[in-house]
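Peer 1: Take a look at the letters that make up each chain.
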Amino acid sequence: MPISDFQVVIGLEVHAQLLTASKIFCGCSTAFGGAPNAHTCPVCLGLPGALPALNRSVVEMAVRTGLALGCEIRPKSVFARKNYFYPDLPKGYQISQYELPICEGGEVTFTLDGRDHTARLVRIHMEEDAGKNVHDVAADGSSGVDLNRAGVPLVEIVSRPDLRSAEEAVEYLKALRAILMALGVNDGNMQEGSLRCDANVSVMRKGASELGTRCEIKNMNSFRFLKQAIEFEARRQVELIEAGEPVVQETRLFDPDRGETRSMRSKEEAHDYRYFPEPDLPPVIVEAALVERLRGELPELPRAKAERYQRSLGLSAQDAGNLVADAAVSAWFDAAVAAYGAGPEAAKKVANWVIGELARLANETGEAPAAWKLTPARLAAVLRLIDAGTIGGPGAKQVVEEVFRTGAEPDAVVKAKGLAQVSDEGAIEAAVDKVLAANPGEVEKYRGGRKNLVGFFVGQVMKEMRGKGNPAVVNALLRRKLGD
Amino acid sequence: MSTPAKELCRLGLREAGAGVAAKAISSTELVEASLARIQATDGKLGAFLAVCADRARAAAKAADARAARGERRSELDGVPVAVKDLFVTKGVPTTAGSRILEGYLPPYDATVVERLEAAGAVIVGKLNMDEFAMGSSNENSAYKPCHNPWDLSRTPGGSSGGSAASVAAGQVHASLGTDTGGSIREPAAFCGVVGVKPTYGRVSRYGVVAFASSLDQVGPLAREVGDAALVLRTIAGHDPRDMTSSTRPVDDYLGPLEEGARGLRVGVPREWLSGGLDAGVEAAIRAALDTYRRLGATLVDVSLPHSKYGIGAYYLIAPAEASSNLARYDGVRYGLRAEGAKGLKEMYAESREQGLGAEPKRRIMLGTYALSSGYYDAYYLRAQKVRTLIRRDFDEAFRGCDVIAGPVTPSVAFALGERTGDPLQMYLADIFTITCNLAALPGLSVPCGLEAASGLPVGLQLVGRPFDEATLFRAARALERELGPLPAPPEP
Ligand SMILES: [Zn+2]
Numbered sequence: 001m002p003i004s005d006f007q008v009v010i011g012l013e014v015h016a017q018l019l020t021a022s023k024i025f026c027g028c029s030t031a032f033g034g035a036p037n038a039h040t041c042p043v044c045l046g047l048p049g050a051l052p053a054l055n056r057s058v059v060e061m062a063v064r065t066g067l068a069l070g071c072e073i074r075p076k077s078v079f080a081r082k083n084y085f086y087p088d089l090p091k092g093y094q095i096s097q098y099e100l101p102i103c104e105g106g107e108v109t110f111t112l113d114g115r116d117h118t119a120r121l122v123r124i125h126m127e128e129d130a131g132k133n134v135h136d137v138a139a140d141g142s143s144g145v146d147l148n149r150a151g152v153p154l155v156e157i158v159s160r161p162d163l164r165s166a167e168e169a170v171e172y173l174k175a176l177r178a179i180l181m182a183l184g185v186n187d188g189n190m191q192e193g194s195l196r197c198d199a200n201v202s203v204m205r206k207g208a209s210e211l212g213t214r215c216e217i218k219n220m221n222s223f224r225f226l227k228q229a230i231e232f233e234a235r236r237q238v239e240l241i242e243a244g245e246p247v248v249q250e251t252r253l254f255d256p257d258r259g260e261t262r263s264m265r266s267k268e269e270a271h272d273y274r275y276f277p278e279p280d281l282p283p284v285i286v287e288a289a290l291v292e293r294l295r296g297e298l299p300e301l302p303r304a305k306a307e308r309y310q311r312s313l314g315l316s317a318q319d320a321g322n323l324v325a326d327a328a329v330s331a332w333f334d335a336a337v338a339a340y341g342a343g344p345e346a347a348k349k350v351a352n353w354v355i356g357e358l359a360r361l362a363n364e365t366g367e368a369p370a371a372w373k374l375t376p377a378r379l380a381a382v383l384r385l386i387d388a389g390t391i392g393g394p395g396a397k398q399v400v401e402e403v404f405r406t407g408a409e410p411d412a413v414v415k416a417k418g419l420a421q422v423s424d425e426g427a428i429e430a431a432v433d434k435v436l437a438a439n440p441g442e443v444e445k446y447r448g449g450r451k452n453l454v455g456f457f458v459g460q461v462m463k464e465m466r467g468k469g470n471p472a473v474v475n476a477l478l479r480r481k482l483g484d
Numbered sequence: 485m486s487t488p489a490k491e492l493c494r495l496g497l498r499e500a501g502a503g504v505a506a507k508a509i510s511s512t513e514l515v516e517a518s519l520a521r522i523q524a525t526d527g528k529l530g531a532f533l534a535v536c537a538d539r540a541r542a543a544a545k546a547a548d549a550r551a552a553r554g555e556r557r558s559e560l561d562g563v564p565v566a567v568k569d570l571f572v573t574k575g576v577p578t579t580a581g582s583r584i585l586e587g588y589l590p591p592y593d594a595t596v597v598e599r600l601e602a603a604g605a606v607i608v609g610k611l612n613m614d615e616f617a618m619g620s621s622n623e624n625s626a627y628k629p630c631h632n633p634w635d636l637s638r639t640p641g642g643s644s645g646g647s648a649a650s651v652a653a654g655q656v657h658a659s660l661g662t663d664t665g666g667s668i669r670e671p672a673a674f675c676g677v678v679g680v681k682p683t684y685g686r687v688s689r690y691g692v693v694a695f696a697s698s699l700d701q702v703g704p705l706a707r708e709v710g711d712a713a714l715v716l717r718t719i720a721g722h723d724p725r726d727m728t729s730s731t732r733p734v735d736d737y738l739g740p741l742e743e744g745a746r747g748l749r750v751g752v753p754r755e756w757l758s759g760g761l762d763a764g765v766e767a768a769i770r771a772a773l774d775t776y777r778r779l780g781a782t783l784v785d786v787s788l789p790h791s792k793y794g795i796g797a798y799y800l801i802a803p804a805e806a807s808s809n810l811a812r813y814d815g816v817r818y819g820l821r822a823e824g825a826k827g828l829k830e831m832y833a834e835s836r837e838q839g840l841g842a843e844p845k846r847r848i849m850l851g852t853y854a855l856s857s858g859y860y861d862a863y864y865l866r867a868q869k870v871r872t873l874i875r876r877d878f879d880e881a882f883r884g885c886d887v888i889a890g891p892v893t894p895s896v897a898f899a900l901g902e903r904t905g906d907p908l909q910m911y912l913a914d915i916f917t918i919t920c921n922l923a924a925l926p927g928l929s930v931p932c933g934l935e936a937a938s939g940l941p942v943g944l945q946l947v948g949r950p951f952d953e954a955t956l957f958r959a960a961r962a963l964e965r966e967l968g969p970l971p972a973p974p975e976p
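Heads up: the protein sequence lines correspond to chains C and X, in order.
The opening position of the first sequence corresponds to residue 1 in my numbering, with each subsequent residue numbered one higher.
The opening position of the second sequence corresponds to residue 485 in my numbering, with each subsequent residue numbered one higher.
Since the hints were derived computationally from the structure, they do not count as laboratory data.
Nothing here was measured: the structure is a model prediction, and the numbers come from that model.
Mixed in with the good hints there might be a few duds.
Said to hold, decoys possible - Here are the simulated lysine-lysine pairs, DSS-like style, with alpha carbons at most 25 angstroms apart:
(1) 82/C x 869/X
(2) 82/C x 845/X
(3) 829/X x 82/C
(4) 132/C x 829/X
Using the sequences plus the hints, can you model the full thing?
Peer 2: Here it is, written out as structure tokens:
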């Protein structure tokens, strides 16, 4: 029974940690890591008597996110309590938004196989994160609770079931991530959990109009896992249907080691969260003037930036898309283009370095662009050295790698490593003469019309000069000596 | 130096504070007198759950040093007070009257505790109460019942029973309680002291162990109206740590205190005096209303047609919030944890089973039910709508009057054990006080005499417009001045 008879239907719930310095309801730090419970106080520990006090910058970031995604901003939204028992939930409830979230509607547009797709949003709401349970199985089997993350501010961005494949889900999430990073509201770090998502997956026969029963897959923290989980889940549901068995609505967990989803709890045990308006917090009022100020402060968003790169810098759609996926990278790129010279030709050269060599190096070190020792000005300096003929392609690669690792100045690296290109005609002529003398047969063939042998001679000369010969001078001298 | 402890303890709050300022008495003498009186009387009274003598003596010493330098933090600098065990106190046991918090030492002070201490008041201990402030007789305390100093066989009222009894018995000069459905006003009436439930939002709830967040409010109990006004002025005002606390400036309650009742329009809700009241209570209330008329006030007939739904709405909203507020007592991080439980769920269930008393359990069940999906609209939401109607009744009534007057409770203090087997009968004790919490208004109980038959105190309730505590104090003071002070209750 082919899966191709079925259509998979996906909606995503994305949890994004907001980049505030302090937590949503207290003054504790949101810094990642730290000794267990180092970043806690009576409020985020949920101690008797403690009360939440709303951090206004959370509201501003949520509004900014809503505006960037085309949402309606609710002038008066309400926090609610979501009640359930879990050791990492210190109050026995999570403060979230329920009936009246801060943002509603909106959409995310993304490109897949050269075509634009749009997924509509239901809502964006603010909430606090929970802590985590730490199981010390190695020692005595006891469990501890670390509440450093408890009260870290999140927005949950809920899409409609508008996505039709695992690839679409991944591209949607990539586009959303790029927007959140461009807004400066989220760092896009999926490994540390500051961006994670749940997927609601169902399947229906092609042409059917009614959605199938959905399962929710919890807490995926990479694009790869998201794709694998949806593909596995869709296949599982199709197999059930084809076998005449019902799909049971439930929450499932993705196991990355086995590449499969597993039931977490069945519907029978489903929680009744007993939501009700949080009596410790007054409604959140967002004045129209604040909305307008924040609207005016929105940065250029990824898709607009990609279009601009194509239009005014002449970059390909692919290169442009690549650069804007990470706001920090595109900001670095903009700075390098500005430092080097803003023309399309210059931009293309910078883009090649950023997408190629720098992406490779950054991937190795895991450093964010802002921390790169190779600053935009230093890349511009390298490119000028190339333009001046001081270094060639292979030399430039070495210089860039060295600067990236050490932060040394490019010209100093060139000097220290002896990477300067030799343009001195005398030296090159000597090498050319030596090569021609050593290969009389090839010289004869060239003169007899085998002009493509020029590449062989260039290679030999370069070898002789240990790669440092100025290719243009080498070429010119060779042709002269060979009698062109 | 030679004044007996008992006499020092009978001093009013402002009187005692003035004595310290004038160096006629020292704070140390006041505190020692208070500690001695607690020592002598609390075995029978049961008003205290914890006494913090060392902390109190150190604070008294500091107050005396200030007095010696001619410094004075406030009019209550150096005066011993005590607070309900619902307020968290750094390093001092705080149980909320529950086993589940037995041995818990909070790492911080409630805002009201900070404010009292910043004003120089000396906190001598933590007062007995119904578990998590749930109750109308103080018999729901997990530790011991508190007794009414007027008659030890009777309840002091709840849930701030310890707060009222300790003030009435002269153990401290004033105390703090909390009022969610009448828990300051009812025990104040039963014990013959002044108790004030301010407007919701007037006093910070930060550090107050939550019962029903949208109804709880902190307030003072004292033997004189002016003393209560002074304590409220000390603790009131915005606190950025409690977003439901109001930013409105605090009025000068003491300034207009002696202005009298002349010209005051006193609203009398016809629903409050139409049966259901014990004859002795009704007689005392009617006499108090006559006194107002005699003092130049006008009595105005007003109606609160929805107040009959108050108890019903309250016993949906308060348990709903309580069921959520009490979820944190799960044995995971502090307080009691059941031994030997297998697995997480069993640990939760056993810890809560062992740690929580019958009344909190009853209310958690009620509240969980009222909030559960499928019932939310029929119960919780409907109760909130009733709440709006009750508030509108008051708004309407206040168009014709400045203050509303009536009974606090249908009877004088009842006997210990009389109603413990019948929760519904117990809930009816709050029938006149609850609407004031639902409408977020300020309410005050002031003694208006002794019931003829029993010789027990009767309280008159005064309810005001939002944030108009000043008028309540003025009206209460007019009555107090006219009637004179109650006699001291018998020695326990
Ligand atoms: Zn905190």
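Peer 1: Quick one, are residue 829/X and residue 82/C close enough, alpha carbons at most 25 angstroms?
Peer 2: Satisfied, since the Cα-Cα distance of roughly 19 angstroms is no more than 25 angstroms.
Peer 1: Decide if the proposed pair is consistent with the structure: residue 82/C and residue 845/X, CA atoms, cutoff 25 angstroms inclusive.
Peer 2: 20 angstroms, holds
Peer 1: Decide if the proposed pair is consistent with the structure: residue 82/C and residue 869/X, CA atoms, cutoff 25 angstroms inclusive.
Peer 2: At roughly 22 angstroms apart (the allowed maximum being 25 angstroms), residue 869/X and residue 82/C satisfy the hint.
Peer 1: Would you check the hint for residue 132/C and residue 829/X, treating anything up to 25 angstroms between C-alpha atoms as holding?
Peer 2: 17 angstroms, holds
In this structure, every one of the numbered hints holds.
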